[in-house]
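S.K.: Residue numbers (the UniProt record's numbering): 1 to 955.
If you're looking for bench data, these hints aren't it; they were derived computationally from the structure.
Predicted, not measured: the structure shown is a model, and the values here were computed from it.
Quick reminder that beta carbons are idealized off the backbone N, C-alpha and C, glycines included.
One thing to keep in mind: the hints can contain errors.
If you anchor each label on the Cβ, the simulated ranges turn out as follows [unchecked claim]: (1) I861 <-> D258: 55 to 61 Å; (2) N891 <-> L795: 54 to 60 Å; (3) D93 <-> D886: 43 to 49 Å; (4) E291 <-> S426: 25 to 31 Å; (5) T663 <-> K520: 42 to 48 Å; (6) I888 <-> S77: 16 to 22 Å; (7) E291 <-> D93: 40 to 46 Å; (8) D572 <-> E713: 49 to 55 Å; (9) S398 <-> R294: 49 to 55 Å; (10) A819 <-> P701: 31 to 37 Å.
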Amino acid sequence: MVKSYLRYEQGGVFGVIASGESNICYDNSGKFLMSPALDKVGVWHVRQGVCSKTLSPSSSSSSGPSLGVTAIASSSSSLVAVGYADGSIRLWDLDKGTCETTLNGHKGAVTALVFNKIGSVLASGSKENDIILWDVVAETGLYRLRGHRDQVTDLLFLDSGKKLVSSSKDKFLRVWDLETQYCMQIVSGHHSEIWSIACDPEERYLVTGSADPELRFYTIVKPDEEGGPSRDTSNPSEPLNKWEVLKPFGEVLRQTKDRVATLRFNKSGNLLACHVAGKVVEIFRVLDEAESKRKAKRRINRKKEKKKGSEVAEDGDQNHGTQEDGNPAAVVVSDIFKLLHTLRAGKKICSISFCPTNAKNSMATLALSLNNNSVEIYLVESESSRQTQAIELAGHRSVVRSLCLSPDNSLLLSTTHNAVKIWNPSTGNSLRTIDSEYGLCSMFVPVKSSNKAASNKYALVGTKAGNIEIIDVASATCVEVVKAHGGDLRSIASIPDESGPVGFVTGSTDRDVKFWEYGKLQKSGEATERLTVSNVKTMTMSDEVVKIAISPDAKYIAVALQDSNVKVFYLDTLKFYLTLYGHKMPVLCMDVSSDGDLIVTGSSDKNLKIWGLDFGDCHKSIFAHAASVMDVKFVPNTHYVFSVGNDRLLKFWDADKFELLLTLEGHHAEVWCLAVSSRGDFVVTGSQDKSIRRWDRTDEPFFIEEEKEKRLEEMFEADLDGAFENKYGPKEELPEEGAVAAAGKKTQETLTATDLILDALDMAEVETTRITEHEEETRRGKVSKFVPNMLMLGLSPSDYVLRSLSKVQTSDLEQTLLALPFSDSLKLLSYLKYWKTNKEKIEIVFKVATIIAHTHFNQLISTPSARPLLSDLSDVLHAKVKECKDTIGFNLAAMNHVSQQLAMKNDAPFREAKSKLLEVRSKRARMDSTNTETRKERKKKKQKSNDGHAWAVVR
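Given the sequences, and given the hints that come with them, work out the whole structure.
M.R.: And the structure:
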């Protein structure tokens, strides 16, 4: 009987705040910050500092580095575009947290994404040097712009989305006219790769950043509103070539020597941030027109004061603030862009993003993503920038070096170079963060301890300094630090006992293996007890100790040394038992099975070796990973083994049959450690990409032979465009200057959809033949009952084909139809006459007709049977599409009218209250004026009476 196994699948990823492969981006409201988290996007509530939702691809999608996030862009609405390393682009609705569609067109990783102002068109650039324009509303690709000779680094829309500026590592800027799909200007002059471009909101200036020591500025030439020749906004009197959009304006020297990584203007356009590939962000202030003119006048006056000679001085006094020819002072780039200050972060900055809404008493809010898996928020002020918030508690700052699960699997402990974190492995929430030294190994104090106070409450961490840190999990404090070894403490293992563990063993690079036992100490003046440890004996080895493993029956202790050998001793007497030798490089990890029969070792020589502990014989040596094997663990009470390595893979093995069962991909960097639950229902792995991944056991069974066939199929289907031909055939020629091509690309989904349409056409053709034959027999007088095909679900042949066609995603429709042969395309075209009356499907009918007509134009005009069909469709489709368009326009106008009426109704109480308030204010004003007049009259009467009295006294 063939043995079956239960499959493991990725269950969750946690510990990642911001990975450095992509940019961070605010949403249009400024409340949420989207940061790349390897193959996901975390949406963080900035004020609360919590991850409100995660944009994660479906489980059916491939995971791992091929699906890593490489670019993020937000639109004016709730739509967010995310580019991935496999060339795909996913559009997400930020409010719902759902993926609206997937756009496939790039063969290389997406490097740049940008929406136009209204969010209807998306432009994307990739490592394959191409730019693709996407219709966001129709969810289809418009066209592909080809011309760059290297990776596209940044994109920018100009002139209300009519023009597109692209930068590349080929040192050129290109300006594309999107209406004619033509490259209208190529800007040269850079001495190195252009990494970023930015434009102010008013589209007056464009700035480029590269590895050159200066920033280059260009003025944007806007077309004349009356349709005349283009004119420069900085010098309107000078006519320019109609093809010249960018005109060199000047250069500003940067403060740092590192290359520019990102350039961004804030929403108001008064600040420019220049992020270099380091820890520095240079912030420039953009002066307005009046300030720049005053600065230009001061500059010219200072220049004149430096000149020698009385005549020059007299001319300078007479022509104050003007040039020598009497014209007003010319404004240069240094008069507009002034260095405000320099922001320095503690770690290397990966990307920056301005918040669209500014905080009070500040010029702007700037978010930085750092390479230590954290995000910092700064307030940019006139004199300096100050940090206001940091998102860092939800992840580690460096590589995860060790993992261990509590005996009841409710807690997970991880260590890095400066902290210990306690996690909930089920939810991925960070429960505790404890400052620590560089932790290389860790262990929970088991539940069945002789010390009841220590049961599942304490954890031990072995550090690079040779210390043992005793961690109190409940209070998240380090209770005590014990100096244990003179070198790195590489390994720690618990000693089991019948009544419970009585101690543990540590191994270090100082060649000592030390045995410890638990104790308890009562604090003076306190009623609480805390755990202590004490050394009971020491065993000195011949070389540095790398790893220690103890058999569950407490009979043997295995010590892996730096000399590539594993020495096994009796645990009670420490008497030498046997040596396991065979690895060519040091053994980095090992584990003993629950029954004590097998021991598995993993080494830097990329091999796994399975040994028998009874005689020390090597049962099997397996070439397991493409790099060093970093950790290996048995599933409890089985002979199944998990191993991880520097090849980023987690592998599942059967140690009895010596077979590879599963290969699990997901990590983006080397995997350093793993932990298996006591029931074997999940596995946790830690990686250099700072992520912790949980792999859950499912109820889905699988067989070894099926997995082997699946791996072979994946190898053959890895490249649908023909990797063998591309490798050994002629190299692909560079595209023509400014060439335009189709936007989509062939994928496994499009090929599957093509097969489904072909099957539907064949089934519909057979059913149509059967219906025709039945009608012919009915006319001849043969009465028989027609039995329809049950596979067609009671639909007519045309409706069944329409149902199959409607299942194809809109973004994949073009590539699906391109793969159809001409004969089948003609069959599909013949069904359009049945669908043209269906108003709900008129859009897909028009798309199918257009794509087939463009693809097979020459064959269609030379096929006589297709001419009446085309003429019939041309007479009907345009009228139907115009009717649908008019209906949508009418509905939109009606919706706008209804919304205006609702707004007026909602504002009616406020208008009434406002009118009442104004009426009350007017009444008060009248009363105040009346009272004022009354007081004035009384004052006059009193003055008259006083004057009369005084005159009477004088008389």
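S.K.: For every hint, state whether the structure bears it out.
M.R.: Okay, the hints, checked on the actual structure:
1. I861 <-> D258: 55 to 61 Å: The hint (55 to 61 Å, Cβ to Cβ) holds, given that I861 and D258 are roughly 59 Å apart.
2. N891 <-> L795: 54 to 60 Å: violated, 30 Å
3. D93 <-> D886: 43 to 49 Å: Once the Cβ atoms are compared, 29 Å apart, the range 43 to 49 Å for D886 and D93 is violated.
4. E291 <-> S426: 25 to 31 Å: violated, 58 Å
5. T663 <-> K520: 42 to 48 Å: 46 Å Cβ-Cβ, so the 42 to 48 Å window holds.
6. I888 <-> S77: 16 to 22 Å: Hint holds: Cβ distance 18 Å, inside 16 to 22 Å.
7. E291 <-> D93: 40 to 46 Å: holds, 42 Å
8. D572 <-> E713: 49 to 55 Å: With Cβ atoms ~53 Å apart, the hint holds.
9. S398 <-> R294: 49 to 55 Å: Holds, at about 50 Å.
10. A819 <-> P701: 31 to 37 Å: About 35 Å separates the Cβ atoms of A819 and P701, which means 31 to 37 Å holds.
Going through the hint list in order, the structure does not satisfy hints 2, 3, 4.
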